[in-house]
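Q: If you want the building blocks of each chain, they are given just below.
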Amino acid sequence: MSGGNDAAKTSLVTNPVPNRVKRPKMNPLINHWLSQFCAWLDQTTMSQIIQIKSWIIPTVQTVHILAIAVVATSALMVDLRVIGVIGRDQSPARIGRRFLPFVWWSLLVLLLTGAIMIIGEPARALKNGVFQLKIGLILVAIILTATLQASLTKKATFGEPPERARGAPFAIAIASIVLWAGIICAGRWIAYT
Amino acid sequence: MTAGIQNIVDVNPFLHWLQDTTIATAIRENDILFPWIETVHVTAIVLVVGSISIVDLRLLGLASCDRPTQQLMREILPLTWGAFAVAAGAGALLFSSKAVDYAHNFFFQGKMILLLLAATNMAVFHVVTGRDVTRWSDLRQPPMSAKIAGSISLILWITVVAFGRWIGFTSH
Chain A
1365 MSGGNDAAKT SLVTNPVPNR VKRPKMNPLI NHWLSQFCAW LDQTTMSQII
1415 QIKSWIIPTV QTVHILAIAV VATSALMVDL RVIGVIGRDQ SPARIGRRFL
1465 PFVWWSLLVL LLTGAIMIIG EPARALKNGV FQLKIGLILV AIILTATLQA
1515 SLTKKATFGE PPERARGAPF AIAIASIVLW AGIICAGRWI AYT
Chain B
4 MTAGIQNIVD VNPFLHWLQD TTIATAIREN DILFPWIETV HVTAIVLVVG
54 SISIVDLRLL GLASCDRPTQ QLMREILPLT WGAFAVAAGA GALLFSSKAV
104 DYAHNFFFQG KMILLLLAAT NMAVFHVVTG RDVTRWSDLR QPPMSAKIAG
154 SISLILWITV VAFGRWIGFT SH
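Taken in order, these protein sequences are the chains called A and B. Note that the numbering used here has the first sequence beginning at 1365, numbered continuously upward. Note that the numbering used here has the second sequence beginning at 4, numbered continuously upward.
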């Protein structure tokens, strides 16, 4: 079996994937509720339309990927400045003002495109442990980014010495980079689990 | 189109040989090798498209306008090139694993052509408009030729991502 064939992985019911990574067991009560919710979602008109029109999922995924490019690169620009690697002639707060709006707007696009993909294939997303991990990581990344933005707004020198000497800005920036890399990996691995 | 080219040079023997190599076979048959190489490929592409968008939006006079264009390009383009090198390397490995199938895939062929067009657009920009970049680098609105280059670049890269995604849905 070779990888990269998303047509087969779209419907795990009709095309079971024998070498799928084993999922950890979920709490039976949550599992039951989740299954019921997925079953309900699956039979809604919107879900049926998304499943039937074969161009919707690829198109939505493409927009999703483009939005990832915006959010990841924008976050990276801010993080690299806080670490002190690029754009040292501009204050971290200035770089934050340039790029952080792109982070928030692209997160909105990611939420909308993600919602369409979930509605189209509820169980494939919601009952997947890797997907759940991805959502958890995204929530942490959002909290971290909001914290960074608040710090940059309150203190224009956040990330500059002597602020940087205290280590917190550096740690937040590194954590942010690691998180977004992890989110991208988890996102791709949904298709393989 | 493929048949016509094959009348001149038949690459199929080479493609078959390529995907039968030890590395290509390992990638194809291993459960986690392909996914991980693909993850690296996607992550690298994300950085290429994201970083080039920053430059293109500056060329269009739509973002980062307070920053001199030349300085922005000097800061960002090394990241773009580095990420592209990683994407191309990972892409070559992915391609080798199913060389025959991918080579005959419409969206793969299209993606390669689009990349060629993007490279051409970049080369033309550097030779023509970029030559006297110091003259207009500080302008919030770069000259029209720069805006055209930026628009073409954005459109091409967005289409590259779309075609790349469609390869996954049309390969066997």
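No lab work stands behind these hints, which were simulated from the structure alone. Backbone N, C-alpha and C fix where the C-beta goes; we use that ideal spot for every residue, glycine too. Keep in mind that a hint or two might mislead.
[What the hints assert, rightly or not] Stretch by stretch, here's where chain B covers chain A in the computed footprint (C-beta under 8 Å, at least three residues):
1) 1425 to 1438
2) 1472 to 1486
[Said to hold, decoys possible] Here are the computed distance ranges between Cβ atoms for each label pair:
3) D69(B) - I1507(A): 27 to 37 Å
4) M147(B) - Q1415(A): 20 to 30 Å
5) S1399(A) - Q74(B): 29 to 39 Å
6) V12(B) - S1399(A): 38 to 48 Å
Q: When you take the CB atoms of D69(B) and I1507(A), is the distance between them in 27 to 37 Å?
A: Given a distance of about 29 Å, which is inside 27 to 37 Å, the answer is holds.
Q: Examine the segment 1425 to 1438 of chain A: at least three residues should have C-beta closer than 8 Å to a C-beta of chain B.
A: Answer holds; 10 residues pass the 8 Å Cβ test.
Q: Is the gap between the beta carbons of S1399(A) and Q74(B) within 29 to 39 Å?
A: Taking Cβ atoms as reference, S1399(A) and Q74(B) lie about 55 Å apart, which means the hint is violated.
Q: Return holds or violated for the Cβ distance of M147(B) and Q1415(A) against the range 20 to 30 Å.
A: Violated - the Cβ-Cβ distance for M147(B) and Q1415(A), about 46 Å, lies outside 20 to 30 Å.
Q: Are 3 or more residues of the segment 1472 to 1486 of chain A near chain B, judged by a Cβ distance of less than 8 Å?
A: Our answer is that it is violated, as 0 residues pass the Cβ test (under 8 Å) against chain B, missing three.
Q: Taking the CB of V12(B) and the CB of S1399(A), does the distance hold inside 38 to 48 Å?
A: violated (55 Å)
The structure is inconsistent with the numbered hints 2, 4, 5, 6, although it conforms to all the rest.
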